[in-house]
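Construct the entire structure; sequences and hints are all you get.
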Amino acid sequence: MEPLSNKRKVLDFKPLTLLERSYLPEIAKGLSITMKHFFKKPVTISYPEQKREFSENFRGQHSLKRDEEGKERCTACGLCALSCPAEAITMTAAERQPGEENLYREEKYAAVYEINMLRCIFCGLCEEACPKEAIYLDGDIVPTDFLRKDFIYGKDKLVEPPLNQ
Amino acid sequence: MELLDIGIKFILIVVIFLISLVVAMYSTYAERKVAAFFQDRVGPNRAGPWGILQPLADGGKMFMKEEIIPTRASGLLFIVGPSLAIMTACIGSAVIPWGQSLQFGSRTVDLQVTDINVGILYIFGVVSLGVYGIMIGGWASNNKYSLLGAIRAASQNISYEVSMGLSIIALIMVSGSLSLKDIAAQQHGFWANGYFTWNFFKQPLGFIIFIVCAFAETNRSPFDLPECETELVGGYHTEYSSMKLGFYLFAEYINMFISSAVMATLYFGGYNYPFMDSVAASVGPNAAVILGVVLMFAKVFGFIFFFMWVRWTIPRFRYDQLMNLGWRTLIPLAIFNIVLTGLFMTFFK
Numbered sequence: 001m002e003p004l005s006n007k008r009k010v011l012d013f014k015p016l017t018l019l020e021r022s023y024l025p026e027i028a029k030g031l032s033i034t035m036k037h038f039f040k041k042p043v044t045i046s047y048p049e050q051k052r053e054f055s056e057n058f059r060g061q062h063s064l065k066r067d068e069e070g071k072e073r074c075t076a077c078g079l080c081a082l083s084c085p086a087e088a089i090t091m092t093a094a095e096r097q098p099g100e101e102n103l104y105r106e107e108k109y110a111a112v113y114e115i116n117m118l119r120c121i122f123c124g125l126c127e128e129a130c131p132k133e134a135i136y137l138d139g140d141i142v143p144t145d146f147l148r149k150d151f152i153y154g155k156d157k158l159v160e161p162p163l164n165q
Numbered sequence: 001m002e003l004l005d006i007g008i009k010f011i012l013i014v015v016i017f018l019i020s021l022v023v024a025m026y027s028t029y030a031e032r033k034v035a036a037f038f039q040d041r042v043g044p045n046r047a048g049p050w051g052i053l054q055p056l057a058d059g060g061k062m063f064m065k066e067e068i069i070p071t072r073a074s075g076l077l078f079i080v081g082p083s084l085a086i087m088t089a090c091i092g093s094a095v096i097p098w099g100q101s102l103q104f105g106s107r108t109v110d111l112q113v114t115d116i117n118v119g120i121l122y123i124f125g126v127v128s129l130g131v132y133g134i135m136i137g138g139w140a141s142n143n144k145y146s147l148l149g150a151i152r153a154a155s156q157n158i159s160y161e162v163s164m165g166l167s168i169i170a171l172i173m174v175s176g177s178l179s180l181k182d183i184a185a186q187q188h189g190f191w192a193n194g195y196f197t198w199n200f201f202k203q204p205l206g207f208i209i210f211i212v213c214a215f216a217e218t219n220r221s222p223f224d225l226p227e228c229e230t231e232l233v234g235g236y237h238t239e240y241s242s243m244k245l246g247f248y249l250f251a252e253y254i255n256m257f258i259s260s261a262v263m264a265t266l267y268f269g270g271y272n273y274p275f276m277d278s279v280a281a282s283v284g285p286n287a288a289v290i291l292g293v294v295l296m297f298a299k300v301f302g303f304i305f306f307f308m309w310v311r312w313t314i315p316r317f318r319y320d321q322l323m324n325l326g327w328r329t330l331i332p333l334a335i336f337n338i339v340l341t342g343l344f345m346t347f348f349k
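First to last, the protein sequences are chains F and U.
Residue numbering for the first sequence follows the UniProt record's numbering, beginning at 1 and increasing consecutively.
Residue numbering for the second sequence follows the UniProt record's numbering, beginning at 1 and increasing consecutively.
To be clear, the hints were calculated from the coordinates, so they are not data collected in a lab.
Hints are not guaranteed to be accurate.
To give an idea of the interface, some chain U residues facing chain F are shown, with a C-beta separation under 8 Å as derived from the structure [unchecked claim]: (1) 37; (2) 38; (3) 40; (4) 41; (5) 42; (6) 309; (7) 312; (8) 313; (9) 314.
Label pairs and their computed distance ranges (CB to CB) [to be verified]: (10) F:48 <-> U:13: 42 to 50 Å; (11) F:13 <-> U:342: 37 to 45 Å; (12) U:14 <-> F:15: 55 to 63 Å; (13) U:284 <-> F:49: 45 to 53 Å; (14) U:72 <-> F:26: 42 to 50 Å; (15) U:106 <-> F:49: 57 to 65 Å.
Each residue gets a CB set at the ideal place from its N, CA and C atoms; glycine is no exception.
Following this line, the structure appears as structure tokens:
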């Protein structure tokens with residue numbers, strides 16, 4: 001049969017010579033290899049000070065977007081919560097009152113919008129489900145914390161800062 | 001002996017004791033740093049500049065940790081084990097000549113705590129006592145892993161002491177003295193009478209046997225079977241916590257320091273360096289002696305680095321390979337070395 005790659009090599013088990021059995025040349029070879037590594041530049045990225053470049057489609061912390069006039073885009077339709085395989089998103093809808101037109105784009109908005117970052121698997125399905133282009137996972141790595149309750153991020157942490165600031 | 005002599009000896013003892021402790025402490029740091037460099041990492045670098053305070057942080061942690069003595073452990077022996085380990089590790093430095101004598105006016109100060117005429121035998125005695133610390137600790141823990149580690153340590157040390165002793169016999173045949181001071185003094189300079197003075201060049205085979213045995217005696221990789229974590233959890237110190245564990249780890253590093261010093265003294269000229277007579281003539285005898293001490297420590301650190309270098313190069317031996325190497329390779333080689341040395345001395349000198 002034709003071999004798949006022409007890399008086949010027939011091994012023959014010759015008995016080791018005395019020099020090979022003494023193990024010393026091999027030790028010297030190994031020592032020289034490790035010594036080469038001793039003078040190599042370390043590959044470490046010292047994390048909090050330096051950060052690795054993320055890929056372009058990296059999915060980090062969510063942000064709730066505003067439109068070009070600074071109004072919140074989210075209308076609390078709940079599609080993101082429905083699409084979420086980890087059931088990390090909850091929200092409470094509310095009706096926009098007169099005088100709040102500069103805050104919310106549509107008549108309905110999310111009064112409470114919470115994502116449990118411990119449940120979130122950063123799959124990006126909420127991003128895909130959103131009909132209003134209101135949620136994107138374009139943030140940084142979610143920071144660590146000590147208490148579980150502190151990982152439930154509300155609108156204070158998720159909504160983009162207003163435009164005029 | 002005058003009171004001043006006793007005072008000087010006391011200061012020397014304290015200084016050597018402190019130096020061994022500090023060297024052992026910073027060996028842990030160096031070990032981690034060297035390991036990191038060999039693996040293309042940076043190693044500890046957060047505690048102080050370049051992580052230089054890391055050993056202090058580790059030591060502080062060791063002292064603060066809760067002391068756990070297992071209920072089924074034998075109480076007294078459990079404490080005796082690490083104490084014995086660290087004590088035997090520390091007393092080995094007593095006979096090592098760190099330098100020649102300093103001259104203060106009419107007073108001569110030896111840079112050696114004591115020059116007993118059986119210096120090498122003393123070192124051997126101390127080293128073989130060291131295994132008791134491991135044995136007792138492993139036995140007293142009442143844990144199968146500890147016991148296995150202790151048994152391995154004991155049989156390994158006994159096997160390798162034989163060939164270590166035999167390799168030393170050939171060296172003693174050349175030097176004609178058991179005193180480390182004499183052996184160091186015989187290696188004066190670097191070149192005399194048409195040949196190197198350092199014993200390494202007279203006993204290359206003996207040195208290889210000795211260094212292999214030194215690795216085994218200090219339980220360093222590739223002979224770290226007594227504490228191999230893949231098989232025995234932590235070996236003989238599985239049940240130990242807090243500073244008792246610290247003492248075991250510390251004892252290992254002091255042993256490494258002492259055996260490096262012994263190797264430097266026996267085979268690499270100790271405090272001797274090339275052109276030492278002309279250096280002494282130009283900068284004065286005391287400065288030359290200090291330079292010798294510095295070079296002695298440089299050699300010791302070189303050996304310690306070699307210990308670490310080998311640790312990250314050679315994988316651990318299997319137990320039967322270890323025993324095979326000890327009994328069926330090194331002992332015949334050491335005996336062959338003795339015969340060779342004897343023949344050489346009979347027919348060429």
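Structure-based check of all given hints:
Taken as an interface hint, residue 37 of chain U checks out: its beta carbon lies about 5 Å from the nearest beta carbon of chain F, inside 8 Å. The restraint placing residue 38 of chain U at the interface with chain F holds, with a minimum CB-CB distance near 5 Å, inside the 8 Å limit. Given hint, residue 40 of chain U at the interface with chain F, holds; its Cβ is 5 Å from that chain's nearest Cβ, closer than 8 Å. Residue-level restraint check for residue 41 of chain U holds (minimum Cβ-Cβ distance to chain F is 5 Å; threshold 8 Å).
Look at residue 42 of chain U: its Cβ gets to within about 5 Å of chain F, closer than 8 Å, so that hint holds up. A hinted interface residue such as residue 309 of chain U counts as satisfied when its beta carbon comes closer than 8 Å to some beta carbon of chain F; here the least separation is about 6 Å, so the hint holds. Below 8 Å, beta-carbon pairs count as interface contacts, and residue 312 of chain U has one with chain F at about 6 Å; its hint therefore holds. About 4 Å separates the beta-carbon of residue 313 of chain U from the nearest beta-carbon of chain F, less than 8 Å, and the hint is met.
Given the 8 Å rule on beta carbons, the hint for residue 314 of chain U holds: about 6 Å separates it from the nearest Cβ of chain F. Our hint of 42 to 50 Å for residue 48 of chain F and residue 13 of chain U holds, since their Cβ atoms are close to 46 Å apart. Separation of residue 13 of chain F from residue 342 of chain U is about 40 Å and conforms to the stated range, judged on CB atoms against 37 to 45 Å. Under the hint 55 to 63 Å, the C-beta atoms of residue 14 of chain U and residue 15 of chain F, about 57 Å apart, fit the expected range.
Look at residue 284 of chain U against residue 49 of chain F: about 49 Å separates their beta carbons, and that is inside 45 to 53 Å. The hint said 42 to 50 Å for the Cβ distance between residue 72 of chain U and residue 26 of chain F, and at roughly 45 Å that hint holds. Our hint of 57 to 65 Å for residue 106 of chain U and residue 49 of chain F holds, since their Cβ atoms are close to 60 Å apart.
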